[in-house]
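A.B. asks: Sequence:
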Amino acid sequence: MRTLLILLRKEFILFSRNKFLPKIAFIFPCMVILVISLVATMDVKHVGVTIVNWDKSKLTSDIIADLEASPFFSVSLENTYGNALDNIERGKTDVILEIPMDFQKKLETGNSTMPHISANGVNGTKGTLGAKYVMESVMHTIAEFKGVGLPDHTSVSYLYNPTLEYRNYMIPALMIMLLIMICGFLPALNLVSEKETGTIEQMNVTPVKTHVFVLSKVMPYWIIGIIDISLAMLIAVAVYGLVPAGSLFAIYLAALLFIFVMSGIGIIIANFSSKMSQSMFLMLFVVLLCVLMSGLLTPISSMPDWAQYATYVLPPRYFIEIMRSIYLKATPMRDLTLQYAALFGFAAIINTLAALTYRKQK
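Per this note's numbering, residue 1 is the first one in the sequence shown, and the count goes up by one each step.
Don't read these hints as lab results, they were simulated from the structure.
Predicted, not measured: the structure shown is a model, and the values here were computed from it.
Don't be surprised by glycine CBs; every beta carbon is placed ideally from N, CA and C.
Any given hint might turn out to be false.
Stated by the list, open to error - Here are the computed distance ranges between Cβ atoms for each label pair: (1) V212 x F20: 23 to 31 Å; (2) L288 x T109: 58 to 66 Å; (3) F72 x F26: 36 to 44 Å; (4) Y312 x V212: 30 to 38 Å; (5) E68 x T109: 21 to 29 Å; (6) L77 x L288: 22 to 30 Å; (7) M276 x L164: 55 to 63 Å; (8) L234 x E165: 15 to 23 Å; (9) K58 x Y312: 29 to 37 Å; (10) A307 x D335: 20 to 28 Å.
Using the sequences and the hints given, assemble the complete structure.
C.D. replies: What follows is the structure in structure tokens.
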């Protein structure tokens with residue numbers, strides 16, 4: 001224990017003297033919560049709508065006015081459908097609304113046809129939802145014009161995230177990026193940098209045991225990881241008002257297990273890397289897997305069957321499920337036993353491999 005404390009003191013001194021590491025360790029949480037949570041969004045806003053109006057009636061004026069009054073649309077007018085199509089091809093608009101000639105007169109006589117809507121399918125999400133929003137707005141205006149109420153719809157209640165803010169869904173999961181970079185990337189680079197400079201050879205000839213040396217390399221980043229996730233949660237509360245609905249103890253336990261997993265992966269990568277560039281490429285591969293296949297950006301249920309099965313061997317999947325469940329739904333720990341057990345198992349296996357693959361002598 002005395003040896004470990006001396007080595008930890010040495011690591012903290014080196015960390016504080018480094019010009020780069022302290023900055024990235026404490027600026028990165030701010031960037032993740034304040035910037036990435038706003039950029040990585042699936043919210044559909046500012047849908048560009050180009051209207052080709054062949055009717056020029058009061059009803060069509062009301063339709064245009066209602067669309068312009070909505071904060072979701074950016075409305076422009078064109079004289080021909082060809083000009084509107086050019087706007088789509090140049091990426092200036094997402095949806096075309098073409099109102100036919102004598103639309104109001106035909107509507108009053110009961111033999112009208114609905115306006116034609118064309119959507120840009122390049123961005124499938126924005127095109128599909130944008131066309132749906134435009135159609136709902138048009139139908140609402142027509143119902144008001146005819147003096148009839150809209151048909152009764154099924155009442156919908158949005159549980160756990162009633163405002164449907166996408167950042168509330170993303171922020172708990174984005175903490176995975178924080179812990180991967182701080183507790184996986186940095187320990188790997190720290191260990192490989194000692195290989196490149198040759199200082200690790202001085203440690204290898206000492207009687208310091210392997211597990212003590214490895215612990216001294218990763219424990220500072222365990223502490224920094226806990227501090228960073230606490231800072232991220234404080235920023236989420238202060239800026240967005242996003243307060244965890246569940247137990248803080250459950251969140252910290254999941255974060256600690258995931259920190260153990262990522263630090264073990266970082267050590268394994270460092271054990272098989274002789275240069276910084278090698279470890280960086282391997283860690284980037286791990287980051288890509290975590291981002292694309294863990295359910296961070298897209299639902300796992302939307303993936304092909306083979307990809308869904310592959311996610312079961314990815315630790316980030318379980319951490320994201322825990323964070324979102326506790327943050328948004330206040331799920332008790334007993335209902336997340338499988339996820340906690342999976343993280344514990346990954347931590348035990350990966351850290352055992354990290355200890356076994358480290359050698360003082362080649």
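A.B. asks: Which numbered hints does this structure break?
C.D. replies: Violated hints (numbers, rising): 6, 7 and 9; every other hint is consistent with the structure.
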